[in-house]
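Residue numbers (our numbering), protein chains in the order written: chain A, 1 to 392; chain B, 1 to 471.
Worth flagging that the hints you see were computed from the coordinates, not collected in a lab.
Note that this is a predicted model, so its numbers are computed, not measured.
Ideal Cβ positions, reconstructed from N, Cα and C, are used throughout, including at glycine.
Check before you lean on any hint, since a few could be wrong.
Derived DSSO-like pairs: lysine-lysine, alpha-carbon spacing no greater than 27 Å straight-line [unchecked claim]:
1) B:LYS180 - B:LYS110
2) A:LYS356 - B:LYS224
3) B:LYS464 - A:LYS48
4) A:LYS230 - B:LYS374
5) B:LYS464 - A:LYS46
6) A:LYS104 - B:LYS374
7) A:LYS39 - B:LYS425
8) A:LYS76 - B:LYS110
9) B:LYS110 - A:LYS356
10) B:LYS464 - A:LYS304
11) A:LYS242 - B:LYS374
12) A:LYS338 - B:LYS224
Part of the chain A face toward chain B, derived, beta carbon under 8 Å [said to hold, decoys possible]:
13) THR25
14) MET75
15) ASP231
16) LYS235
17) GLY236
18) PHE322
19) GLU323
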Amino acid sequence: MSEEKTTISRRGFLKGAAMGVMGGTILGMGVYSYSPWRKSYFPEVKRKLADIGVCKSVKVTNISETSWFENAVLMKDIKEAGGLLVNQYSYNWPPFGDGTGLGKGSYEKGIAKIKHLLPNNLEEAWAVTEKLSVSPQNAGGFAALIEIEELDGRKRKFLLDSGWSYKWMDECFKREGIDQMLKNKEIEAFIISHEHFDHFWGIPVVYKYDPTITTYYPQGFYPEGLQYLKDAGHKGKLVEVKSGELNRLIPGLATYNFPVPIICRVYGEQSIYVNVKDHGLVSITGCCHFGIIQFSETAFREIKYEKDQLYGIYGGLHISPFEDWDPKYDDLVLSLGKYGFQRIGCNHCTGILCAKKFIEAGYPVVKGTARNRSKDTAYLGNGDKIGYGTEV
Amino acid sequence: MERYGTGYLEERKLIPRWPQPIAAIVALGVTLAVFYASWWIFQDPRGWLRMYTPYVGYMYTRWWLIMLIWMVYIFNYWPFKRSWLENSHPLVKGAVLTAISVVILWVLIKGFFESVLGNFGIAYFNPERLMKLPRMTEFFALEYASLACLMFAAIASWLSPAWVVACEEVPWQNMSQPAKGISILVFTFFLSTLIYFMTMHSHMGILYYPWQYFTAIAPPYWEKFANTVSGNFHVAWIMCCTVTVWLVETIWERFPFKLIRTNWLRRVVAFFGIIAIAWAMHFFLYFAQELTWGPAIRGTRLINAPDWRWLHVGEMAVFFLVPALFLTFYCNNWPRRFSLPVNVFVRTVITLAAAIALYVFYYKTSHDYLGTQKGFMHEQQFPMIPTIWLINIWLVHHWFMDNWPAWKMVPKTAEEIAADHAAEKAQLADLRWNPALGWGLGAGALCGLAVYFIALSVLPWAYKNITVIPK
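Just need the whole structure built from these sequences, with the hints factored in.
Next up, the structure:
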């Protein structure tokens, strides 16, 4: 009898315990998890304060921000090819067109048509690819010239990105004198922000003028991109910038690679920090897929900069590149103000709508001239310049 | 009187053709093959129709799930007669019922949302109307309209089954089909509409420039609490509700709510209890992300953005649903040998472990075979699409095809049905209050709290030491 009682009692206890464990866990989850007490679990942010040096000023020339000319044409291609997750090399856009039509291309088939012409016969290469590609007239590109003035007054030049269309980028390079600067080896390094078509596919135009230029690209390139770096005619030093590492180039200038997955099957983006004497940190980006606030937070965590001040922004901020919108973008518009940027030079994938929302919010957006096929004065257009620590 | 499929799922006996785990492995193999083939045809960005744009494919995936729930849980297979359900070959049943679900799906999306609601009510459900906005492209018009439809689907996929599982179909439980189905459908659809306006409409209202102050609450009322203006905050808890409903229905066998003997009280407690558990899950899964990736930063993008963190709460929740359904559908809700609370506890632990393993497996490998990209966060990727797509295939397989070919369906005899009812009564009778149960409950609750706080300590360590995303 007593043995039976013990058995029953043990069973009862186990049943209660099973219920209790689940109930107690759910109670903890519900009461504690979103309470202010949870913040005691967050580690304090330890600033590494890495020294990247300091420069006197930086000037940026917008070689081209019009990655494509008609958004409707680009989005029609993307829609019909299957959306924003489709591998960019399969769209059959130039220069990798093979004549098979939208969404049916590949790097291998496309490059086979033009490889023998790279990088010295780009006019013919573009003529070939125009006939075989989808929407070749819509291709533009993003590229910027960064001029750093060192504390002793010496000026050093870097090229950020190479754009997309060989034809358009060559025209833009000539317009801003980039072709001569490359020929004269005045530009000491070429920084590729990421593998996207509009930032990277124009590399033969760079190598046509300076095939030996040192090239920095972010870790995360797909095999097609790595092969294109070779096929485009590069003969110089090639440096892969590791994810999450600070890559110091000259005093005051460093790049940082963010390991982020990006639309059209791209991975990783490299951006630039410039520490300007008596002003603060300037962030220069290609597309900023990781977000400008993440970029700023990373700077705060990783590096030491003048006056502990986030001073300026230049480049695409990847908010509404296709003139699309999402409430999360409003989170950015509402939050950016508290970071205290004093000079915002945005364009490209920031989107005109976003630039207008920035202006409405009272942010110090530097307006453009809307020339050379740029569409709106709300942001810096093709051929426009901006200075940080210097007037332009 | 014709019963159609009322009670069909409870009154069928699924006899495995091979001993376990062979039957479960065969079922998994068959359904995964169908999953992968159909994924390639319909969703894969490298495949044929490439509906993973992502919202178009996501919308159809979510609504297809609801079609299956409507057909089986709300309409009890009406208008198909019981004899047809019992005597037709599973392949025939699967083909016919799946085809019907797809037709209803198409009529609902194109007919109701786009044509009726989009033309006579709210313009943003109709992509053609959105095209009239300045600078709008066809791609985003379709994406925005799909987003609105799928946000509605998220709510319906919680409320439709909840009215059956928690509220036990009241007050229409004694009606015959199709009147019962229509009543529940109309009511849950009405309720979904109300909740849609209170949770999702403001998201859509600020999607268009300028903010639609006079037609939607802008900025939304949840902004300060959720640290975002995005409706993903609501998507998260609503997804947790959907998952909790199905956990309660499957591995929990409607425990603990079925211990309440008073009908109205049981139904009310079950409905709101599911919401309470879902909110606990909602908060915890958000906190879990803060513990691994650090606090969210408003205004940033990708993995640190609060809007994505909330969305990921819903995504993580669905990972729990996958093993729970597998355990119920293909493992006969193993184990069954212990008391009900212990069975439920063991199944929950198994589900948790399997969900974590599946989560790690998914993020380690999905980019190699689903046409997606590596990384936890990608603005255009939603793990809910493949997970719900797989769940849909399992629902078709289990509800429409009786787990064919690894199982054979035989209707239970009246004696077997009576024995089931008696066993359930005995199981509940076994759970009477006694001091030992009380001591166990108290000790268990303390252990549960300890488990919770241990998990908080383990999570950052685990994330630091386990490489989920290869470089």
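Each hint tested on the structure:
1. With a C-alpha separation of about 25 Å, the suggested pairing of LYS180 (chain B) with LYS110 (chain B) holds against the 27 Å cut-off.
2. Under the criterion of a C-alpha separation no larger than 27 Å, the hint pairing LYS356 (chain A) with LYS224 (chain B) is consistent with the structure, at around 24 Å.
3. Distance check on the hinted pair: LYS464 (chain B) and LYS48 (chain A) sit about 19 Å apart at the alpha-carbon level, within 27 Å; holds.
4. Taken as a hint, the LYS230 (chain A) and LYS374 (chain B) pair is honoured in the structure, with Cα atoms around 25 Å apart against an allowance of 27 Å.
5. For the hint pairing LYS464 (chain B) with LYS46 (chain A), the CA-to-CA distance comes to about 17 Å; that is within 27 Å, so the pair holds.
6. Distance check on the hinted pair: LYS104 (chain A) and LYS374 (chain B) sit about 23 Å apart at the alpha-carbon level, within 27 Å; holds.
7. Our distance criterion of 27 Å between C-alpha atoms is broken by LYS39 (chain A) and LYS425 (chain B), whose separation comes to about 46 Å.
8. Between the alpha carbons of LYS76 (chain A) and LYS110 (chain B) the distance comes to roughly 21 Å, so the proposed pair stays at or under 27 Å and holds.
9. Proposed proximity of LYS110 (chain B) and LYS356 (chain A) is contradicted: the alpha carbons are some 35 Å apart, above 27 Å.
10. Simply put, LYS464 (chain B) and LYS304 (chain A) have alpha-carbon atoms about 26 Å apart, close enough for the 27 Å limit, and the pair holds.
11. This hinted pair checks out: LYS242 (chain A) and LYS374 (chain B) have alpha carbons roughly 17 Å apart, not beyond 27 Å.
12. Of the pairs offered as hints, the one joining LYS338 (chain A) and LYS224 (chain B) holds, with about 16 Å between alpha carbons and a cut-off of 27 Å not exceeded.
13. Checking THR25 (chain A) against chain B: minimum C-beta separation of about 4 Å stays under 8 Å; hint holds.
14. Because the smallest distance between the Cβ of MET75 (chain A) and any Cβ of chain B comes to about 4 Å, under 8 Å, the interface hint for this residue holds.
15. For ASP231 (chain A), the interface hint is violated, since its Cβ never comes within 8 Å of a Cβ in chain B; the closest pair sits about 23 Å apart.
16. The restraint placing LYS235 (chain A) at the interface with chain B is violated, with a minimum CB-CB distance near 28 Å, outside the 8 Å limit.
17. For GLY236 (chain A), the shortest C-beta to C-beta distance to chain B is roughly 26 Å, which exceeds 8 Å, and the interface hint is violated.
18. Residue-level restraint check for PHE322 (chain A) holds (minimum Cβ-Cβ distance to chain B is 7 Å; threshold 8 Å).
19. For GLU323 (chain A), the suggested interface contact is upheld, since its CB lies about 5 Å from the closest CB of chain B, less than 8 Å.
When each numbered hint is compared with the structure, violations occur for hints 7, 9, 15, 16 and 17.
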